[in-house]
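> Given next are the chains, with one letter for each unit.
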Amino acid sequence: MTEQRTHAVLGLRSPLTPEQTASRARRFGAVYYAEHWLRRMRGYGVTVLVTAVGTPLVYLFGMGIGLASLVDTGTNAAFETGNGNSVSYLMFVAPALLATAAIMVSSEENTYTVMSGFKWRRTYYGPNASPLSSGQLVDGHVLGLGVRLLITCGAYFAFLLLFGAAGNPATAWLMIFTAILGGLAFGLPLMAYSASITEDRGQFAMVQRFIVMPLFLFSGTFFPLDTLPMIIRWIGWISPLWHATELGRLFSYGLAEPAALTVVHVAYLLVLAAGGWLLARRTFTRRLGK
Amino acid sequence: MSPGTLHYDCRVPQITTSKTPAVRGFQGPVIAASNLTKSYGDFTAVDGISFEVPAGESFGLLGPNGAGKSTTMKMIGGVSRRTSGDLAIMGLDPNTNGPEVRAHLGVVPQQDNLDEELRVRDNLLAYGRYFGLPKSYLQPKADELLEFAQLTDKAKARVDDLSGGMKRRLTIARSLISDPQILLLDEPTTGLDPQARHILWDRLFRLKEAGVTLILTTHYMDEAEQLCDRLIVVDKGTIMAEGSPSALIRTHSSREVVELRFGSERNTTVAAELEGIGERIETLPDRVLIYANDGEAALEAVSARGLRPITSLVRRSSLEDVFLRLTGRSLVD
Amino acid sequence: MSTGQRSGGTLSAQDAVDSNSPGQAGSRFLGSLYARNIRAVFARGLKATWGTNWSIMISGFVEPVLYLIAMGIGLGALIGTVTGPGGEQISYAAYIAPALLAVSAMNGAVYDSTMNVFFKLNYAKLYEGMLATSLGPLDVALGEILLALLRGAMYATGFTAVMAAMGLVTSPVALLMIPAAVVVAFGFASFGMAITSYMKTFQQLDWVNFVMLPMFLFSATFYPLSVYPQAVQWIIQALPLWHGVEMLRQISAGAFSIATAGHLLYFVVMIAIGLIVTTRRLEALFQK
Numbered sequence: 001m002t003e004q005r006t007h008a009v010l011g012l013r014s015p016l017t018p019e020q021t022a023s024r025a026r027r028f029g030a031v032y033y034a035e036h037w038l039r040r041m042r043g044y045g046v047t048v049l050v051t052a053v054g055t056p057l058v059y060l061f062g063m064g065i066g067l068a069s070l071v072d073t074g075t076n077a078a079f080e081t082g083n084g085n086s087v088s089y090l091m092f093v094a095p096a097l098l099a100t101a102a103i104m105v106s107s108e109e110n111t112y113t114v115m116s117g118f119k120w121r122r123t124y125y126g127p128n129a130s131p132l133s134s135g136q137l138v139d140g141h142v143l144g145l146g147v148r149l150l151i152t153c154g155a156y157f158a159f160l161l162l163f164g165a166a167g168n169p170a171t172a173w174l175m176i177f178t179a180i181l182g183g184l185a186f187g188l189p190l191m192a193y194s195a196s197i198t199e200d201r202g203q204f205a206m207v208q209r210f211i212v213m214p215l216f217l218f219s220g221t222f223f224p225l226d227t228l229p230m231i232i233r234w235i236g237w238i239s240p241l242w243h244a245t246e247l248g249r250l251f252s253y254g255l256a257e258p259a260a261l262t263v264v265h266v267a268y269l270l271v272l273a274a275g276g277w278l279l280a281r282r283t284f285t286r287r288l289g290k
Numbered sequence: 001m002s003p004g005t006l007h008y009d010c011r012v013p014q015i016t017t018s019k020t021p022a023v024r025g026f027q028g029p030v031i032a033a034s035n036l037t038k039s040y041g042d043f044t045a046v047d048g049i050s051f052e053v054p055a056g057e058s059f060g061l062l063g064p065n066g067a068g069k070s071t072t073m074k075m076i077g078g079v080s081r082r083t084s085g086d087l088a089i090m091g092l093d094p095n096t097n098g099p100e101v102r103a104h105l106g107v108v109p110q111q112d113n114l115d116e117e118l119r120v121r122d123n124l125l126a127y128g129r130y131f132g133l134p135k136s137y138l139q140p141k142a143d144e145l146l147e148f149a150q151l152t153d154k155a156k157a158r159v160d161d162l163s164g165g166m167k168r169r170l171t172i173a174r175s176l177i178s179d180p181q182i183l184l185l186d187e188p189t190t191g192l193d194p195q196a197r198h199i200l201w202d203r204l205f206r207l208k209e210a211g212v213t214l215i216l217t218t219h220y221m222d223e224a225e226q227l228c229d230r231l232i233v234v235d236k237g238t239i240m241a242e243g244s245p246s247a248l249i250r251t252h253s254s255r256e257v258v259e260l261r262f263g264s265e266r267n268t269t270v271a272a273e274l275e276g277i278g279e280r281i282e283t284l285p286d287r288v289l290i291y292a293n294d295g296e297a298a299l300e301a302v303s304a305r306g307l308r309p310i311t312s313l314v315r316r317s318s319l320e321d322v323f324l325r326l327t328g329r330s331l332v333d
Numbered sequence: 001m002s003t004g005q006r007s008g009g010t011l012s013a014q015d016a017v018d019s020n021s022p023g024q025a026g027s028r029f030l031g032s033l034y035a036r037n038i039r040a041v042f043a044r045g046l047k048a049t050w051g052t053n054w055s056i057m058i059s060g061f062v063e064p065v066l067y068l069i070a071m072g073i074g075l076g077a078l079i080g081t082v083t084g085p086g087g088e089q090i091s092y093a094a095y096i097a098p099a100l101l102a103v104s105a106m107n108g109a110v111y112d113s114t115m116n117v118f119f120k121l122n123y124a125k126l127y128e129g130m131l132a133t134s135l136g137p138l139d140v141a142l143g144e145i146l147l148a149l150l151r152g153a154m155y156a157t158g159f160t161a162v163m164a165a166m167g168l169v170t171s172p173v174a175l176l177m178i179p180a181a182v183v184v185a186f187g188f189a190s191f192g193m194a195i196t197s198y199m200k201t202f203q204q205l206d207w208v209n210f211v212m213l214p215m216f217l218f219s220a221t222f223y224p225l226s227v228y229p230q231a232v233q234w235i236i237q238a239l240p241l242w243h244g245v246e247m248l249r250q251i252s253a254g255a256f257s258i259a260t261a262g263h264l265l266y267f268v269v270m271i272a273i274g275l276i277v278t279t280r281r282l283e284a285l286f287q288k
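Protein chains in written order, with this note's numbering: chain S, 1 to 290; chain P, 1 to 333; chain Y, 1 to 288.
Calculated from the structure, these hints are not laboratory results. A few of these clues could be false.
To be verified - Selected chain P positions facing chain S (Cβ under 10 Å, derived; list incomplete): (1) E57; (2) F59; (3) D93; (4) N97; (5) P99; (6) E100; (7) G106; (8) R129; (9) L133; (10) K141; (11) L145; (12) T171; (13) I177; (14) S178; (15) A210.
Note that the Cβ used here is the ideal one computed from N, Cα and C, for glycine as well.
Can you make the complete structure from the sequences, with help from the hints?
Structural data, given as structure tokens:
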């Protein structure tokens with residue numbers, strides 16, 4: 001037998017009683033899990049950083065400048081703001097690119113990451129045995145995701161400023177938050193769906209192809225929604241990306257729209273985010289047995 | 001008297017802290033289950049079992065795969081709601097006081113669920129944070145546990161690069177990060193090689209000596225004999241027997257067993273000719289078992305009848321025999 | 001790449017010993033690298049694909065079609081006409097359609113040869129099992145790539161049909177886009193598989209996307225290369241997708257030149273390098 005002669009002694013006692021531990025977990029459990037969520041992200045920090053910096057650069061050069069050269073010469077009528085002014089193509093796509101970035105990050109963090117927490121890596125089962133509740137895992141995930149979205153959108157916004165694509169600086173920074181809201185409105189229902197998957201049959205590829213892609217392309221991202229024929233314009237109306245983008249355009253260059261429509265944008269995004277959140281909590285609770 | 005100590009052959013360490021188990025002021029059993037039942041649709045995984053575990057005891061659930069052991073453990077661990085019956089951990093109902101119950105427990109699940117995105121030591125720190133424990137405690141505690149789990153030199157390794165035994169020890173270390181007084185171990189050594197199992201048993205034995213209440217499931221009788229003060233034999237969701245390993249063997253089996261192999265063709269036919277030797281004869285597909293208080297004498301009686309087994313073996317009765325007696329089936333198939 | 005070629009001469013004698021099917025293997029061309037049984041790998045893949053996720057396989061061609069509709073109609077309304085490869089004015093949809101076909105050939109091939117292969121390599125341990133039989137690494141590599149190409153050919157055909165429905169296929173010669181797209185896919189698949197064989201974690205796969213995204217946007221897909229300064233143009237022209245886009249665009253317009261052959265040659269070299277490296281790597285990983 002390969003016994004070691006040095007005997008480890010478990011002398012260190014916990015500074016908290018189980019009762020104290022439980023009451024802390026009840027109050028701050030979501031924060032504790034968010035902490036883990038972000039710690040885990042450090043493991044691929046380089047990826048996060050390169051995505052956060054590289055994506056805006058690539059899109060702004062590609063779409064904002066490259067494509068703009070074609071669009072701005074092709075269209076004599078520049079992009080109407082609705083109140084007599086017009087803006088460049090770069091200015092027009094910038095809020096859409098920002099909101100797209102939020103949705104891309106959100107869909108990345110709410111698909112395989114969530115599913116594998118139940119299936120392959122089973123990362124939810126560890127914390128599930130701790131004092132944390134199932135709902136707190138969801139809350140912590142949302143909190144961590146919020147932080148990552150803030151980093152991504154903040155960096156993106158800095159690039160928009162750099163490219164002169166941010167519009168009115170007094171209100172344009174609010175785009176960061178409308179984009180985050182868009183990311184959550186898209187990501188949280190997706191999270192609930194991912195948590196319900198028990199068998200990987202390539203559902204995420206289908207989500208990517210039949211939901212993310214059409215939303216990305218038909219949400220007034222690269223051209224105003226009303227240049228599309230009526231039969232596909234509804235895709236934009238139901239798309240969180242369109243709502244988030246229009247809000248961004250409002251804050252960036254003062255796109256004129258009825259106040260009621262602005263309320264609809266915000267309300268729609270809030271309802272999707274909150275609904276997805278609640279649904280995710282229910283699914284987590286069901287699958288984790290609590 | 002713990003039969004574990006009888007078999008235990010290594011230098012027993014003196015662990016300095018003596019503990020007063022249980023919640024301050026709580027006097028009752030650490031775990032009390034009464035008529036505990038769990039059904040999934042038509043299938044009843046746990047069918048009305050009752051037991052109590054006093055503080056400091058090492059308590060085992062022995063049974064084959066699918067007996068309902070893991071389901072019971074999940075209910076105790078506060079991660080699965082019971083269908084009916086009563087359950088209290090430290091006097092708390094896990095259905096209503098989940099966080100409080102789980103704050104008392106260290107849990108080693110059947111399937112390791114370490115965080116592969118974090119390094120070995122970070123796994124301990126991250127887990128400790130779920131209990132709201134401060135870094136000033138977690139840092140030295142993590143080092144202490146790595147030492148305990150013999151993983152100090154792996155502190156910065158990736159979880160992926162650990163062997164099965166190391167992962168298991170890390171899972172046990174992780175379960176101890178909150179300094180729990182109750183440890184739930186679901187099949188702690190299943191799938192490990194013999195040496196890795198012995199190292200693990202040693203670690204668990206030290207915890208037991210330090211006063212930690214151990215609840216473990218196993219389908220290895222040697223494990224149950226080594227570690228458990230008392231155990232219940234579970235099959236198809238119900239309790240078949242209860243007692244210390246030695247008492248169970250005394251009650252349900254003879255002192256010794258003779259194992260005879262006549263070749264798979266002949267075992268059944270020979271069994272009839274063995275009639276009358278020992279207290280009882282059990283015929284299995286691959287061998288015939290004779291239960292007797294004096295095994296050597298029984299073996300001589302077999303030879304006296306002119307029967308020549310291919311192999312013969314006299315051994316002491318084990319929990320395997322108890323299980324065979326109670327259910328008519330082998331424990332490990 | 002150079003390692004593959006460098007060790008090329010020393011393989012046969014030693015490998016014949018390592019191989020599970022010695023005998024005549026050593027004397028044959030490529031020795032133990034190749035057991036002339038691509039079919040086994042191909043057939044397994046076909047069965048696995050059609051058994052589990054045929055819907056995904058079929059839906060794969062939807063993505064470029066969506067791009068074509070969105071950009072061609074939506075953006076096309078803003079842009080009007082652009083200058084085609086032959087110098088004539090063509091609609092914006094006609095301009096981007098062959099480029100999107102090249103992109104979809106790339107995407108499909110890269111997905112199949114990175115994500116998919118990575119999973120089989122590291123998690124499902126599929127190749128380990130295959131190489132424990134008489135199959136050689138080249139059989140496995142070619143079998144997998146062939147599977148990717150079949151898929152690529154299906155997508156290309158589907159996409160070309162959509163183009164035709166939109167009135168964007170104007171001559172029979174344009175149908176040559178289908179085999180050309182398969183060549184593009186072959187290049188990316190063999191090269192992608194070679195790169196994947198060096199990867200250790202899922203995160204490293206993200207780097208593939210970091211390369212794909214700018215390549216997709218910058219390779220004259222949506223607007224001509226001339227918007228960039230000369231130095232940037234050279235970089236883009238060194239990357240494979242630009243060659244794929246240009247080749248398909250020329251075929252689509254029927255505007256062939258010596259450049260068309262140059263683009264084709266680019267892919268032939270890419271295929272060869274990819275296959276050599278992949279084979280060497282699979283051998284190094286599993287036949288120690």
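> Does the nearest C-beta of chain S fall within a distance shorter than 10 Å of the C-beta of P:E100?
holds (4 Å)
> Holds or violated: the hint that P:G106 contacts chain S, with Cβ atoms closer than 10 Å.
Interface hint status for P:G106: holds (9 Å vs cutoff 10 Å).
> For the restraint on P:L145, tell me whether the closest CB of chain S is nearer than 10 Å.
holds (8 Å)
> Going by Cβ atoms only, is P:P99 closer than 10 Å to chain S?
holds (4 Å)
> Does the closest beta carbon of chain S sit nearer than 10 Å to the beta carbon of P:D93?
violated (13 Å)
> Once the shortest beta carbon distance from P:K141 to chain S is found, is it less than 10 Å?
holds (5 Å)
> Under 10 Å, Cβ to Cβ, is where P:E57 needs to be relative to chain S, so tell me if that hint holds or is violated.
violated (19 Å)
> Take the shortest C-beta to C-beta distance between P:L133 and chain S; is it under 10 Å?
holds (6 Å)
> Is the shortest C-beta separation between P:N97 and chain S less than 10 Å?
holds (8 Å)
> Take the shortest C-beta to C-beta distance between P:T171 and chain S; is it under 10 Å?
P:T171 check passes; min Cβ-Cβ to chain S is 9 Å, inside 10 Å.
> Is the hint on P:R129 kept, meaning its closest Cβ partner in chain S is under 10 Å away?
Check passed: Cβ of P:R129 comes within 5 Å of chain S, closer than 10 Å.
> A closest beta-carbon separation below 10 Å is what the hint needs, so does P:I177 meet it against chain S?
Because about 9 Å separates P:I177 from the closest Cβ in chain S, which is inside the 10 Å limit, the hint holds.
Against the hints set out earlier in the document, violations occur for numbers 1, 2 and 3.
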